[in-house]
Every structure is written in C-alpha cells, then in structure tokens.
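Trainee: Sequence:
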Amino acid sequence: MTLQGYNFVIKHRSRKQLLHVNKSSKVVRCEEVKIILDAIYGSAIGGHLGEAATIWKIRKRYFWPQMISEIKNFIKGCIICQQQEKLKTRESLYLIRTTQPFD
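Numbering (the UniProt record's numbering), first residue to last: 1 to 103.
I should point out that these hints are in silico values taken from the structure, not numbers from a laboratory.
There may be inaccurate statements among the hints.
Said to hold, decoys possible - Within a straight-line C-alpha distance of at most 20 Å, the following computed DMTMM-like cross-link-like pairs (lysine to aspartate or glutamate) qualify:
hint : residue 1 : residue 2
1    : Lys-57    : Asp-38
2    : Lys-72    : Glu-51
3    : Lys-72    : Asp-38
4    : Lys-57    : Glu-70
5    : Lys-60    : Glu-32
6    : Lys-76    : Glu-51
7    : Lys-60    : Glu-85
8    : Lys-26    : Glu-91
9    : Lys-72    : Glu-85
10   : Lys-26    : Glu-70
11   : Lys-60    : Asp-38
12   : Lys-72    : Glu-32
13   : Lys-57    : Glu-91
14   : Lys-26    : Asp-38
15   : Lys-60    : Glu-70
16   : Lys-76    : Asp-38
17   : Lys-34    : Glu-70
With these hints in hand, go ahead and build the complete structure from the sequences.
Mentor: Written out as structure tokens, the structure is:
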C-alpha cells in the first residue's frame, strides 16, 4: 500500500497472537508477582498507566499463569488510581429556572 510516497505495511494481529508469550520471557514464581506488579505499575516511576500498557510492559519480560487477570485485579485495587478517579469526577449540573429566555 502506498500513501503520499511512503511505503508501509499494515499488519493485523489477532487477539490470540497478542496473548502469545514471548519465548524469552522469564517464568515468574508466585512470590515474585507482587514485586513485579509494584515495580512496573505501582511505583513512582511505573506511571499507573492503566491495564493495556501495564499488560504490554509485563508481557514483554515475564510470564506466569493467570497473568492478565492478576494484573487487572491489581490495577482495580490500586488506591492511588481510585483516589485519582474520585478527583476526576465533576459536580452535577443543576437546572436554572428562568422566567424568560436568555438574550
């Protein structure tokens, strides 16, 4: 496919391919999972980037059974993220009753 003189290829990767484990991934013991999650997601340099980015970052280097569900549960239980979500909520709008239309 050519667009404005640039040659590029668009590759579609199915969900099954996205879940494929990197052959060079370290298989993690149960006691290491919390340390990895804290380091990649929960630390100050981790960034609290959300599910997709965290899964991608961890999947590049590590593997353990039930990895995706554990990452999602860890993120749902993150107190910092829950507090930030509360700060993002807006006050409810209230109705202004008028006797005539605005000019």
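Trainee: For each hint, tell me whether it holds in the structure or not.
Mentor: Each hint, compared with the structure:
1. Proximity of Lys-57 to Asp-38 is assessed by CA-CA distance (about 13 Å); at most 20 Å being required, the pair is judged to hold.
2. For the proposed pair Lys-72 and Glu-51, the alpha carbon gap of about 6 Å is at most 20 Å, so the pair holds.
3. For a cut-off of 20 Å, the pair hint linking Lys-72 to Asp-38 stands: about 13 Å separates their Cα positions.
4. Under the criterion of a C-alpha separation no larger than 20 Å, the hint pairing Lys-57 with Glu-70 is consistent with the structure, at around 14 Å.
5. Distance hint between Lys-60 and Glu-32 is fulfilled; the C-alpha atoms sit about 16 Å from each other, no more than 20 Å.
6. The straight-line distance between the Cα atoms of Lys-76 and Glu-51 is roughly 9 Å, inside the 20 Å bound, and the hint therefore holds.
7. For the hint pairing Lys-60 with Glu-85, the CA-to-CA distance comes to about 28 Å; that exceeds 20 Å, so the pair is violated.
8. Between Lys-26 and Glu-91 the alpha-carbon distance is near 46 Å, which puts this suggested pair outside the 20 Å criterion.
9. Taking the CA atoms of Lys-72 and Glu-85, the gap is near 16 Å; set against the 20 Å cutoff, the hint holds.
10. At roughly 17 Å between alpha-carbon atoms, Lys-26 and Glu-70 fall within 20 Å of each other, so this suggested pair holds.
11. Between Lys-60 and Asp-38 the CA atoms are separated by roughly 16 Å; this keeps the pair inside 20 Å, and the hint holds.
12. Restraint check for Lys-72 and Glu-32: satisfied, since their Cα atoms lie roughly 17 Å apart, inside the 20 Å limit.
13. Taken as a hint, the Lys-57 and Glu-91 pair is broken in the structure, with Cα atoms around 35 Å apart against an allowance of 20 Å.
14. Restraint check for Lys-26 and Asp-38: the C-alpha separation of about 17 Å stays at or below 20 Å, so the hint holds.
15. Distance restraint check for Lys-60 and Glu-70: the Cα-Cα separation of roughly 16 Å lies within the 20 Å cut-off, and the hinted pair is therefore satisfied.
16. With a C-alpha separation of about 13 Å, the suggested pair Lys-76 and Asp-38 falls inside the 20 Å cut-off, and the hint holds.
17. At roughly 10 Å between alpha-carbon atoms, Lys-34 and Glu-70 fall within 20 Å of each other, so this suggested pair holds.
Of the hints listed earlier, those the structure fails to meet are numbers 7, 8 and 13, in rising order.
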